[in-house]
Amino acid sequence: MASVPVDLGQVEQCRKIASDIADDVQKYIDRHTSVGVERTMLRAFGAEGVDDQGVPIANVAVDRYHRAGLLSRGISTLVAAELLSGATTIQDAAERLAFGVALEESALKITPEQVRATLKPHTDAAIARIDAARIQRQATKASYPPVSNPLKYVIVATGNIYDDALQTKAAAFAGADIVAVIRATAQSLLDYVPQGATTEGYGGTFATQENFKIIRRAADEASVEFGRYIHQTNYSSGLCMSEIAWMGAVERLDMLLNDAMYGILFRDINMCRNFIDQYVSRRIIARAKIVINTGEDNYLTTSDAVEKAHTVLSSQFINEAFAHRAGLTDDLLGLGHAYEIDPKLEDSFLLEIAQAQLIRQIFASHPIKWMPPTKHKTGDIFHSHVHDAMFNLVGITTNQSIELLGMFSEAIHNPMLVDRYLSLKATRYVFSTCKHLGDEIEFKPDGRIAKRAVQVLDEALTLLREVERDSIWESIGNGAFADVKRTRTGGRGFAGVLERAHDYANPILEVLERGA
Amino acid sequence: MDSSVLRAYGDRQGDGMVQMSFVLQVAPSARAREAAKRFAEKHGLKEPLVATMEECAKGYSYFVVYGHSVHSVDFSEIDVPEVRTESLSRTEIEERIKSQFGRKLVVVGACTGSDAHTVGIDAILNYKGYAGDKGLESYKGFDVYNLGAQVENEQLAARARALKADAILVSQVITQRNCHKENAQALIDFLRAEGWRKDVVLLLGGPRIDHKLALELGFDAGFGTGTKVADVASFILERLEQIGVPHK
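Quick note, the sequences are listed as chains A and Z, same order.
At position 83 of the first sequence the residue is numbered 83 (my numbering), and the sequence of numbers has no breaks.
At position 195 of the second sequence the residue is numbered 195 (my numbering), and the sequence of numbers has no breaks.
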């Protein structure tokens, strides 16, 4: 079986350092919350709907009490206070918080214990809802034959959710295992989740709870029709990271794009906000047993894929450490990496194999995600198709778990129906003809591939040591990842970060943390 | 045969051979094949050969067709505005900035609106550049501010004004339903309303952008795929010299 030399001692050191890096941030996370986190809890208790301007009630209520300086006790405390002051249901309490008479100071003289007791049935119901969705999803999936790796993942992105549903079925017909509905490009910067089914979006389709239901229905129908389980994916990232995690959890999504640092680097979301939100989103994701896909592939679209290959590996260790702190197990960590080396470079294919094989071995029990070439794609679709075939060859040979398929029209437009079909057809060909190639070959122990793998792990360890020395906050400030520099108080969403009061309460999060 | 009349070239002069591929919303069948043939004929393909017919989704067929296109174009009639600047070398650019302006030229760039695709603007602006062609940041004569992705037009205008920008680069990659045009147009309108459109060089870039489109929208130039950093730098210099930008 093909393998590259991996110094297990170095891997151990990388994990230890990443752990320390994450511990440092976790201390900060545990003392803070955000408007996004609090909105998530309000939704999880069951608050629904929007005001006459289309603003979600979760936003109206949370923003109102954030302005009033009372959110540091947690929205749960305020919900409990409304229930104790006469609200009959969660919805009633949420509407009072959003539009009613402001809570009297006396109503707030409740302890976290009282909050927990008052909300006990609602907390239990919120958790039961996530559990029920997980059980249903797992049972459905178990009723179909297992699929062998790499799972074939395609994107649909029409802007219209009904077209997306049609394209989901078309992709399933052509052999896709996983369908992701890519989001409208600006959504990560919206500090609210749009409501209802949407038919207009640029670069993709809005992630809304209703849109999730529509795609789930289409994917379920396709599963029945083609006798294979069709996985649904969306994006738990941006300013509504944790709210979307919750929607994904209750609407039976199988995977969510979710990364500890992506929003900071690529969407200029404030660091503090992003770290807090990723934690809570991952607590929900862990409960729902959704597979996350991390975004390290993006590093190589902004930085050079040869020079900065090790940054991907370093970041994977960090993402893993953060994920472990949020209760995610290795079988849920779809750590991302990519085939993005300049194809004009001699022996670049060897470097790609080295990296893919190295990551496969280091994260042996993780459903790692292999991303296709994008940066060096051109409008020459015929050449692009060959480029993708080489990528597929690495994917099958190194036994990647999840493979996002390359599209020959990558540099031109969002994939059309036939683009996906041809990509899937070509991928099926490569995967099938090379099924056991990885079992049959060995790499020379002192050859180019082996040496490259050793070098990347070496550099990853060095970078992790630097990040630990400087702290992750400073390292991101210095451009350690993707050559992007961010400051601790800069970026979007910082105004929505707040320190928890000494009597802060968040019963749902507490259950998620206990894991009971 | 008139050499200015162009026909598609297959493997001999004037054969008009083209390949096309398309999808029709019908399952494969002999009738579907005939439909594809007629569809190709309506596009001007003589003797079309339906080389492939495959079901690519339930009730949809994918076709590859070869045929002889009857169409031709008269090349002599074609007039396309091109960026006519002569591309200077790095040394020439540096020297000309020094001699003509005696200061650094300020360039501000961004992907505007909802666009999050920075590969293009990064290639032109960032030190690293693309495929060995280092960006404007690597020139001593340029002071570069890359504002990144998803920047609002107003925000870009405000930063450019505060930085006393000599040139603004706008990148637009997402082109669904022509949002790139509306967005680019909105910036021009905004600068005109603020009254300083004429004081700055405005460049538009992206894979679906060409010089003609950029001019139509009110930009000074448009740059598409394959643009070299020196092309952009040279154009900025030439344009600023035309405007007569002061040494500031």
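Bear in mind the hints are in silico, worked out from the structure with no lab data behind them.
Treat the hints with care, as some may be off.
[To be verified] A few chain Z residues facing chain A, derived, Cβ under 8 angstroms:
#, residue
1, Y60
2, Y62
3, D122
4, Q150
5, C179
6, K181
7, A186
8, P207
If you're wondering where the values come from, they're calculated on a predicted model, not measured in any experiment.
For each residue, glycine too, the CB sits at the ideal point set by N, CA and C.
Of all the hints given earlier, name the ones this structure violates by number, lowest first.
-> 6, 7
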